[in-house]
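Modelling step: build the complete structure from the supplied sequences, incorporating the hints.
There are 2 protein chains.
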Amino acid sequence: MTPEEFRREGHRVVDWIANYMENVERYPVLSQSQPGQIREQLPPSPPARPESFDSILSDVDEILMPGITHWQSPNFFAFFPANHSGPSILGEMMSAGLGVQGMLWMTSPACTELETHVMDWIVEMLDLPDRFLSSGDGGGVIQDTASSSTLCAILAARERVSEYRIREHGVDRTLVVYASGESHSSVEKACAISGIGTGNLRIVNVDDQQRMDPQHLSELIQQDRESGVTPCCVVATVGTTSTGAVDPLEKIGSVCRQEGLWLHVDAAMMGTAAICPEFRFIHQGLESADSYCFNPHKWMFTNFDCDCFFVADRNALIRTLSILPEYLKNQATQSGAVIDYRDWQIPLGRRFRALKLWFVIRSMGVEGIRERVREHVRLGRLFAEWVKQDSRFELIAHAGLNLICFRKRGSDADNRNLLDRLNQSGQVYLTHTQTNGQFVLRMSIGQLGTEEAHVRRAWELITT
Amino acid sequence: MTPEEFRREGHRVVDWIANYMENVERYPVLSQSQPGQIREQLPPSPPARPESFDSILSDVDEILMPGITHWQSPNFFAFFPANHSGPSILGEMMSAGLGVQGMLWMTSPACTELETHVMDWIVEMLDLPDRFLSSGDGGGVIQDTASSSTLCAILAARERVSEYRIREHGVDRTLVVYASGESHSSVEKACAISGIGTGNLRIVNVDDQQRMDPQHLSELIQQDRESGVTPCCVVATVGTTSTGAVDPLEKIGSVCRQEGLWLHVDAAMMGTAAICPEFRFIHQGLESADSYCFNPHKWMFTNFDCDCFFVADRNALIRTLSILPEYLKNQATQSGAVIDYRDWQIPLGRRFRALKLWFVIRSMGVEGIRERVREHVRLGRLFAEWVKQDSRFELIAHAGLNLICFRKRGSDADNRNLLDRLNQSGQVYLTHTQTNGQFVLRMSIGQLGTEEAHVRRAWELITT
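Protein chains in written order, with our numbering: chain R, 330 to 793; chain W, 330 to 793.
Please keep in mind that the hints were generated in silico from the structure rather than gathered at the bench.
Since the list gives no way to pick out one identical chain from another, each pair is judged satisfied if it fits inside one copy or across any two copies.
Subject to a maximum C-alpha distance of 16 Å in a straight line, what follows is the list of computed EDC-like cross-link-like pairs (lysine to aspartate or glutamate):
| hint | residue 1 | residue 2 |
| --- | --- | --- |
| 1 | Lys658 | Asp749 |
| 2 | Lys737 | Asp719 |
| 3 | Lys658 | Asp741 |
| 4 | Lys580 | Glu548 |
Just so it is clear, the structure is predicted and the values come from calculations on it, not from any experiment.
Dropping the structure here:
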């Protein structure tokens, strides 16, 4: 494909995306495709000769589109908001067009420096603790997902507690990690991957609002110390995936400081809310955290993947993950004057992801992002009110932001049927969770295009 | 940004990329930017109000472009080829525009089914062993990088050897992994991450062409068994990063079969060559591998990130990485009729990456890809011939494909100066490695736009 051909087909793809944005509400939100239905329409072997871009685009429309679940629909209320926005798509396009590697500063200085810069902007935007700024001992890096951030945090905690010996010698004792049962599954996965073992993840009790109980945390740590194992890390959550619960960071942080444990705060779901001063209560006590992450690809209008991960002591992270083979050595690295982000993450290679976040922040402005987030929270509170005022339903959980858990009074089967009916209608998509042994519906409000009318319509569908 | 505004700005970004493609040779290949030079031009705080897309594009040109190292230049001969191509950028654009999550089959059936389908195509295109096909017990998945694939392979090996106990109980004995000193740094990193420990990575000797010595491998395993530790995994390389060496898979595989060890083959650099039947010698013996990966984002004209990872026993991988919290449960998963790729990787979320690979294969056709790869290999052999015939230089390593290691007769300092001179000229970009204690230049030929004239010009610059 020549640059001229790229120009022509690129314009068509841009038009295709713009049309998709305009028409996204016309598709059933949840794909109604059956297992195998997409594959059976694809030829068994790859083409030997080039095919026209026409035929590819036509197959996208005919074959793939029925198999797409429309995460960008304003009627998408499932899992978590997974936003894109015009500026973020443009940033992703340019990143693909430049095709640079950000593994070392030298492999594209702009890729590294823009990332460090935008991460510092984020500290200001969310009013995060200064210790996460790159100007001190800390700093931020873009990861693919919060799962990877949590893994990096647990690895750094594992190393710090072992005086950076496990990295070389392997896990040589029983280490223990603490999180509530409401924490994200990635905590369990990180315990498995890191060689700590899921059996050494202690499940801290939660209160009646699914928040970690700091007293129980403290007790568990004492018990573990007495039994001779090594407490290493606590993962607290700001906005659990299930119900949006916010763990009490202040008390958890004080336990961690006293016990010398690494505190990682996973705010993947809700961290974005802190862009509004009135919602910063979610981060109260964050000063004690050794690491923190939240996902602009969830609620900050930046297309997946874009997780912002901050550490207070970047050397702990770098000592944990650094590898320097001869073929990556260079003067800039050796001078110590630059950041090489390859030492801040699991993979070596990395895309220019700061570009899309920079495009979003500049195109929307901090106030523009704030307005959308504020509106989503308003809609969340409105929806919670509707649930409360309808005697046929009960409000199960609402931490005051954009995720509401509720159920129809009746059996789990009734609620499962309700969910199936909603999702099969194609008009909305919601998912569920379990709370206190009950099947519960989740309403997550955070797509860029979601307005009051969409939420109102969803409530009508739920209640009729 | 409305869909109409996106359409307008999107056309501009496409034109920007097309212009960049046309003019990429005008930029110095290696950025000549100094540490901090980009950042100091950026405002310390994010904008409160929206900024125009004009001002953003203008900052890209003025501030960022001097800090870009041009990986897409046909004069880029550093590290590894890191190609994009028109169709791959279009695929990435559409993936960003659709903005779907591929973590579960249900979260977008087309995303999962196209991926499984294209991975099966790849098995046919590269003539990989049938055991990697999804129709049997195996299957393929797209990972971000080979580092992640190697980590997944080592984790699965760790679990298989422990009867899937370590995942739960933690590393509870000394496990040992084997690779040559020429293997990629990600093997060491994976040993660190997995809790095995880099000290338990045994370095297998290489022969005079930097290929793993299977006899030495066998001896190390015997020694380890006798000392009571647990051999677990061998990582062999098809095309080492330093010199492109190809480990003897057949003999290594027979050791692994005999010893019951997991064999992972890392063909990140060179696997693409197997699209040409005449280069399939690199994969001789691959039938014994438990897992295999190669990178279309290196030499198959598909922009980063796109690593293809195959396993012979997908259940071993899934048992290692699977996590199923309530909020991800759904009928399709429970039916067992679908693949949920979240269980095949470290993160939970995933982009629709199959789209760009599908676009590339269809737009270029298998024959089109073959022609480019064949031409790169021809240029590699031509360059090696020039080195051999010039008495001022010596050929250090060339495995017959597209990576040539050579040096000027003289001191390391002479060669370092030569490399600095070349890279500071901005006309080409090469990197170096160490072989047998010597500083050696690497010439990696594989960018989509690289023609004989570019290679010839590089040789002129090197020799004058």
